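Number of protein chains: 2
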Amino acid sequence: MDPQGERSVSEIISELEKAWNVADGAAFARNFAEDADFVNIRGEYFRTRGAIARGHQGIFDTIYKGSNVQYQRIGLRALVTGGLLPHVKSTLKVPSGPLAGEHNSVFTMVVVEFQGSWRIAAFHNTLVVKGPTAVSTL
Amino acid sequence: MDPQGERSVSEIISELEKAWNVADGAAFARNFAEDADFVNIRGEYFRTRGAIARGHQGIFDTIYKGSNVQYQRIGLRALVTGGLLPHVKSTLKVPSGPLAGEHNSVFTMVVVEFQGSWRIAAFHNTLVVKGPTAVSTL
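Protein chains in written order, with my numbering: chain A, 1 to 138; chain B, 1001 to 1138.
None of these hints come from the bench; they were simulated from the model.
Source: prediction; values computed, not measured.
Be aware that one or more of the hints could be misleading.
As the list claims (entries may be wrong) - Each computed DSSO-like pair below joins lysine-lysine, with the alpha-carbon atoms no more than 30 Å apart:
id, chain 1, residue 1, chain 2, residue 2
1, B, 1130, A, 65
2, B, 1018, B, 1093
3, A, 89, A, 65
4, A, 89, B, 1130
5, A, 130, A, 65
6, B, 1089, B, 1130
7, A, 93, B, 1065
8, A, 89, A, 130
9, A, 130, B, 1130
10, A, 65, A, 93
11, A, 89, A, 18
12, B, 1018, B, 1089
13, B, 1130, B, 1065
14, B, 1093, B, 1130
15, B, 1065, B, 1093
16, B, 1130, A, 93
17, A, 93, A, 18
18, B, 1018, B, 1130
19, B, 1018, B, 1065
20, A, 130, B, 1093
21, B, 1093, A, 93
22, A, 18, A, 130
23, A, 93, A, 130
24, B, 1089, A, 89
Unchecked claim - Facing chain A, a subset of chain B residues (Cβ under 10 Å, in silico):
id, residue
25, 1037
26, 1039
27, 1042
28, 1043
29, 1071
30, 1075
31, 1077
32, 1083
33, 1087
34, 1101
35, 1105
36, 1112
37, 1114
38, 1128
We put the CB at the ideal spot given by N, CA and C, even for glycine.
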């Protein structure tokens, strides 16, 4: 795996976390490619860094106000030359409001090299459903 | 965009749909890379084609028995050389059991060229939450 790419993925995850925890939508979006794709926990599909910045600022200012997130990388591999695939577990603590409590999710990112730097090309997030099921629901 | 890659993505989506609708887990998994990553609608993270085949056979035989799925491609772009990023909307109709009814989801795939053929390297699925929210929840 490209060592610079691997370092960049670690930095990106750390910067996403920091940006969330200071409620800065533009900073959260900074590591996304201009034409990035984003699917959120409600199955809503967004495009572009600007939409990702605005959407996050919206939730930082309202339903997730005062929240704290911690990210843990649970997977990373090379896809193709210039393309890495990290998987991350998120633990989000929301202090108040309709979503008060702790929420876990798992997201997939596709991180690609573009003009010498690594950017998030795609991000897809799913809430972890609590409790057992008879079979694992794919 | 690589025209052969684009055709392959269309074929892959069609074959996934057909495999689901005849409840064949091995056929569903056939277009995945051996080391593919998969995150399901419960936020559960799986690896390998074999796990994807077994997991799907499990749900085809139980909670999704007799179900019918329709896929609609809602996005496709090139990521890097040899890497494509399709987004797909899924409409699943389940005839009976605890999940009876219609379920919509959106999934991201990463499709990569490997030894002259295109394979799904990563798949991530999220249920579409029904109903409006005050802000779009990213």
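So, going through the hints one by one against the coordinates:
| no. | hint | in the structure |
| --- | --- | --- |
| 1 | B/1130 / A/65 | holds, 23 Å |
| 2 | B/1018 / B/1093 | holds, 14 Å |
| 3 | A/89 / A/65 | holds, 20 Å |
| 4 | A/89 / B/1130 | holds, 24 Å |
| 5 | A/130 / A/65 | holds, 23 Å |
| 6 | B/1089 / B/1130 | holds, 14 Å |
| 7 | A/93 / B/1065 | violated, 37 Å |
| 8 | A/89 / A/130 | holds, 14 Å |
| 9 | A/130 / B/1130 | holds, 19 Å |
| 10 | A/65 / A/93 | holds, 10 Å |
| 11 | A/89 / A/18 | holds, 15 Å |
| 12 | B/1018 / B/1089 | holds, 15 Å |
| 13 | B/1130 / B/1065 | holds, 23 Å |
| 14 | B/1093 / B/1130 | holds, 15 Å |
| 15 | B/1065 / B/1093 | holds, 10 Å |
| 16 | B/1130 / A/93 | holds, 24 Å |
| 17 | A/93 / A/18 | holds, 14 Å |
| 18 | B/1018 / B/1130 | holds, 26 Å |
| 19 | B/1018 / B/1065 | holds, 15 Å |
| 20 | A/130 / B/1093 | holds, 24 Å |
| 21 | B/1093 / A/93 | violated, 34 Å |
| 22 | A/18 / A/130 | holds, 26 Å |
| 23 | A/93 / A/130 | holds, 15 Å |
| 24 | B/1089 / A/89 | holds, 24 Å |
| 25 | 1037 | holds, 6 Å |
| 26 | 1039 | holds, 5 Å |
| 27 | 1042 | holds, 4 Å |
| 28 | 1043 | holds, 4 Å |
| 29 | 1071 | violated, 14 Å |
| 30 | 1075 | holds, 6 Å |
| 31 | 1077 | holds, 7 Å |
| 32 | 1083 | holds, 5 Å |
| 33 | 1087 | holds, 6 Å |
| 34 | 1101 | violated, 15 Å |
| 35 | 1105 | holds, 6 Å |
| 36 | 1112 | holds, 5 Å |
| 37 | 1114 | holds, 9 Å |
| 38 | 1128 | holds, 3 Å |
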